[in-house]
Amino acid sequence: MSGIRMSSVAVTAENCENGEPQAPEESHQGQANIPEIVEPEDDDAEEQEMLKYGAKHVMMLIVPVSLCMIIVIFAIRIITMYDQVSQPQVYLVYTPFNDQTKKTTGSPISDAVLNMLIVLGLVIFMTCVLVLLYKYRCYKVIEGWLFLSSLILLFMFTGLNLHEIVMRFNFAMDYITISLIVWNFGVMGIISVHWKGPLIVQQGYLLIISAMMALVFIKYLPEWTLWFILGGIAVYDLFAVLCPKGPLRILVETAEERNEPIFPSLIYSSTMMWTITMAEGDPVSSYNPLNSSSSSSAQGSPPARPQPEMEPEEQGVKLGLGDFIFYSVLVGKAATADDWNTVMACFVAILIGLCLTLLILAIVKKALPALPISIFVGIIFYVCTRWCIKPMCDQMALSQVYV
Amino acid sequence: MAVNWLPFIGCLSIAFGPSVTLFLCTAAKEAQGVILLITSAFFWLLSLLLTSLVWLAVVPLRKHLALTLVFSVLFQEALRVVFVLLVKKTDVALSRISRETTDLFHGPRYSVIAGLGYGVMSAMFMYVNVLSEASGPGTYYTPGSPSMPIFVSGALQASVMTGLHVCWGLLCSEGLEKRSWPLLASVTLSHMLVSCLTLMNEAGISPIYAIVCSYLILAVIGTFTFKRFGGNIKPFFKIQ
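Chain order of the listed sequences is A and B. Residue numbers for the first sequence follow my numbering, beginning at 6 and rising by one. Residue numbers for the second sequence follow my numbering, beginning at 297 and rising by one.
Isolated chain A, as found in the complex (with noise of 0.2 Å):
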């Protein structure tokens, strides 16, 4: 992995200096040959040059989360349809079992599990078919799949979004403004994303069209389908990229083998695709993608579940557009609620959890999946602000009572 490569040529230079050439394997392997003084050293190169390298990507990647979570916040905050409850509230097909239709099991936790297992399922056939068609190299067909999806997202939930925003400012625009506004940002999305454009562009619209994603689930999922979809995929993420088998770890495999980058549209990437590609001299073990891969499904609808993946090297950090959605969600959802301190226990408890998710990373170095630990601190903390933290705040801001 480039991890560890890019450390042994640290360590490499270190010892040159000291006029004492090692091959960098030897220092890790055969360390009886070696002065015990440059043992300590070597990893001196290596830790210093992960400490500064960790905390830069960390930050990396924190920026753009905090500003997705931000964004969905504001968004839900701002435009009223996304919290309100009182029209006939329609939800997506995937979730047969809500009480607006009339087939509920009469538990809301089992309404909730069918639907999170439907999701679930669906999601899983998704990577699968995704996977089969990279691994066959239907390349064509995936472009196409993902440039649909990302087309619908940025034409249709743009004008949708603009529409509310018109509505709640009460601010008078006509069709003909609206739909030029709408086909010059989706065109540019459409160009920067799956062609090329200034990195920050590129970055901009996958945080744009993750947001909308995580706004998609929050309004057509019902509550509790919600929390155990995103407990299930926290889950799921973990055995997607971990098992030997899974599919996430399938298809980062076959990327990395192939030396090829994962779709663009797929990944958040915190340096441009391409330099990677071209710096890199050695063309095995340069580049690690990661894995990710969200596929999203026409309408939509739940499609993406994305993956994450991030490895922290002088290439920069990659994570799945689906941890960006995924952490919104969870945020939004906290934004429903009215309540202010439940939105910033889960924002600071996601973004711990992130760090520690990239401290693992720093340590074992290799695609891990950045859901499970930020999920699950998230809705830990999402469950003790509402119904602890909540009321007893609310009681000292009435009094003014300051801790």
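Bear in mind the hints are in silico, worked out from the structure with no lab data behind them. Note that the structure is a prediction, hence the values are computed from the model and not measured. We treat Cβ as the ideally placed atom computed from N, Cα and C, and that holds for glycine. Take these hints with a grain of salt, some might be off.
Stated by the list, open to error - With a cut-off of at most 27 Å between alpha-carbon atoms, the simulated DSS-like pairs for lysine-lysine come out as follows: (1) A/K395 x B/K359; (2) B/K385 x A/K61; (3) B/K534 x B/K325; (4) A/K61 x B/K325; (5) B/K385 x A/K370.
As the list claims (entries may be wrong) - Chain B is nowhere near these chain A residues, computed Cβ spacing over 12 Å in every case: (6) I76; (7) G126; (8) I365.
Place chain B on chain A using the hints.
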């Protein structure tokens, strides 16, 4: 609606302006500063969680905020000590592996950041829910002050708490480093004192007294911290 945005922005600036400035001057410059800030905010959250669990478990406590407050202060200071020790430990572990002294989490700047994380989180938890009402129609007053809306007094209180937490963070890490128990005790005691002052709000006394007292305490503690860390006031007055 438009009118209410003005008090909203004003209160927002009073409450979080100083902390944002401090953040930009200290933590924002480098990655590990931001990570430290988030971690320390998380530790404050943990202390609040512990408090609320006690509050929930001991039923009689729910009627008496004064008792909850004592628990809360104790938990906060205990977790602050744990956090400082944890950071120190990480620092030692890091400097052991690398012979060059890493200034990763060392020095007063990081204590400021740690205190800031604590302060910002506490100010946000105590005040943001109140503030979010400020943009809406109507306003609130506490029984003690028919003239000063709760938004303004809360903002002042939130900002003074942030400042105090920064000082406490510095003093706490100094106290642990020098093994000076009086210093640690004074941190806890002054925290208790400031929090107890706000009990006056509950008792129906005008919040102005609590705020004025808190700012006086901040002035005293701030000066003390400044001196303790060898601060020199002259550069501030030097004409560039």
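Results for each hint:
1. Distance hint between A/K395 and B/K359 is fulfilled; the C-alpha atoms sit about 15 Å from each other, no more than 27 Å.
2. For a cut-off of 27 Å, the pair hint linking B/K385 to A/K61 stands: about 21 Å separates their Cα positions.
3. For the proposed pair B/K534 and B/K325, the alpha carbon gap of about 25 Å is at most 27 Å, so the pair holds.
4. Taking the CA atoms of A/K61 and B/K325, the gap is about 11 Å. The hint holds against a cut of 27 Å.
5. Restraint check for B/K385 and A/K370: satisfied, since their Cα atoms lie roughly 23 Å apart, inside the 27 Å limit.
6. Every CB of chain B is more than 12 Å from the CB of A/I76 (nearest about 18 Å), matching its label as outside the interface.
7. A cut-off of 12 Å between C-beta atoms confirms that A/G126 is not in contact with chain B; the least separation is 35 Å.
8. Separation of A/I365 from chain B is adequate, the least Cβ-Cβ distance of about 15 Å exceeding the 12 Å criterion.
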